Amino acid sequence: MDKRLSSLSEAVTDIQDGATVMIGGFGGSGAPIELIHALIDRYLETGSPKGLTVINNNAGNGHVGIAAMIEQGMVAKMICSFPRSADPTVFTQAYLAGEIELELVPQGTLAERIRAGGAGIPGFFTPTSVGTDLAEGKPVQQFDGRDYVMERWLKADHALIKAELGDSLGNLTYRMAARNFSPLMAMAAAKTVVQVTKAVEPGAIDPEVIVTPGIFVDALVEVANPAQEEELNRAGAHHP
Amino acid sequence: MNQKLSNAQIAWRAAQDIEDGAYVNLGIGFPEMVARFQPPGREAIFHTENGVLGFGRAPEPGQEDWDLINAGKKAITLKPGTAFFHHADSFAMVRGGHLDVAILGAYEVAETGDLANWSTGPKGVPAVGGAMDLVHGAKRVAVITDHVTKKGQPKLVERCTLPLTGVGCVTRVYSSFAVVDIEGGRFVLREKLPSLSMEELQNATGAKLHVEGAVGDLICPEELADA
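Residue numbers (the numbering used here), protein chains in the order written: chain A, 48 to 287; chain B, 1128 to 1354.
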């Protein structure tokens, strides 16, 4: 078995119109820029995929990555905790124009909903958001005298994530705080595609340090020297 | 009223209550300043929602590694003992009661301990981040804030009028005028600026300030007054 793909275009070829796509990263840290841009390039060439639901902590920054997806009109809905950034213009304009739907989720609830989706747990109770507008319409139950809100799992058709090392079986390590949501999203998507900074042979990663075991990964593609979203934005980059 | 603490002085005062070895989350923005004023001989271990524990100070300009950031998307640094983890573990630390202190900003704090700090109403794009999680789980949830708004309206109130972040969650408020505990649905005054009379302080507060025992003088380093 070898999960390695030879090209980025091959990595994003089966994402359909209307699909739900989890995209790793917290701001620019961990954002799989090359995978996202390959998806945008496919859309510009073929008109597909569009009408996507994108799950990420944020809603893009500047004119690259998720912001560029929104700018091109590929995204129908964002599920995120914090749709603000240094330059949130693209999302803000689309949202205020009614062109994109927003499901706002507290950050810890977003993480746990994704984890639950990957772990086969359809719902869970959390103290987060009890008594606030974000708990409206959700069941509340008392445990040991305290109120908790029921939240549902979150799953996706695809996850696009970035990792540091990946072997041909899909075992992954991450780089510093770029880990964030990616191990959870790898679990929660029907198909997880990873861009790794260095692809290695099985055995090259110490089993003690593997963060995402290969069972959660369907395909990986090597992108040596990947772009960092924050650096792209500081340079004023646009995609395309 | 002619005197109030600067943000740096409020942050300094909040830092004095953080014990050596405490696990601490500082909200993005103003609360991040608290890290600058750890008393000598004490070392808190800072947690940030995006999966880093025990990180160091901001790097020198030009030395940033943008894969190493805090929840405010600002660059941080490693130091011996730094740990990385994914987001579900990070919020397990938060909701699971493993943090000793969370320090947050506020639009309004009620005498009931309710906090409003994420939304000023239905206009614009709503964003919540980790605020609603952070108010649950930390052993102490403290607020640092100006005592009144820019228009002079009290921020310490009987009931919040803005959308809530959490219900009954705040245990202490460090304001530009006073240190106030929230106990049994009441504001209990612990310290106040010596230059303010009780009447002046009460007039700037939107709910009754209770006094139990001595009220200390709120005195902060003068050199931080302009910071």
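Because the hints were derived from the structure by calculation, they are not lab data. Quantities reported herein were computed from a predicted structural model and do not represent experimental measurements. One or more hints might be untrue.
[To be verified] Chain B regions said to be covered by chain A (calculated; three or more residues, Cβ under 8 Å):
#1 1184-1195
#2 1291-1303
[Stated by the list, open to error] Listed below are the simulated BS3-like cross-link pairs for lysine-lysine, each with C-alpha atoms no more than 30 Å apart in a straight line:
#3 B:K1250 <-> A:K185
#4 A:K50 <-> A:K185
#5 A:K245 <-> B:K1250
[Said to hold, decoys possible] Some, not all, of what chain A presents toward chain B, calculated at C-beta under 7 Å:
#6 T100
#7 H110
#8 R162
The C-beta atom is built at its ideal place from N, Cα and C for all residues, glycine as well.
Structure-based check of each hint:
1. Here's how the stretch 1184-1195 of chain B fares: 4 of its residues keep a CB closer than 8 Å to some CB of chain A, so the rule of at least three is met and the hint holds.
2. Evaluation of the coverage hint for the stretch 1291-1303 of chain B: fulfilled, as 4 residues show C-beta separations to chain A shorter than 8 Å, against a requirement of three.
3. Among the hinted pairs, B:K1250 with A:K185 is consistent with the structure: their alpha-carbon atoms are about 23 Å apart, no more than 30 Å.
4. Only pairs whose Cα atoms come within 30 Å are accepted, and A:K50 paired with A:K185 is rejected, the gap being roughly 40 Å.
5. About 45 Å separates the Cα atoms of A:K245 and B:K1250, which puts this hinted pair outside 30 Å; it is violated.
6. A distance limit of 7 Å between C-beta atoms decides the matter here; for A:T100 the minimum to chain B is near 18 Å, and the interface restraint is violated.
7. Because the closest C-beta pair between A:H110 and chain B is about 17 Å apart, greater than 7 Å, the hint is violated.
8. With a cut of 7 Å, the hint placing A:R162 at the interface with chain B holds, because the nearest CB-to-CB distance is about 4 Å.
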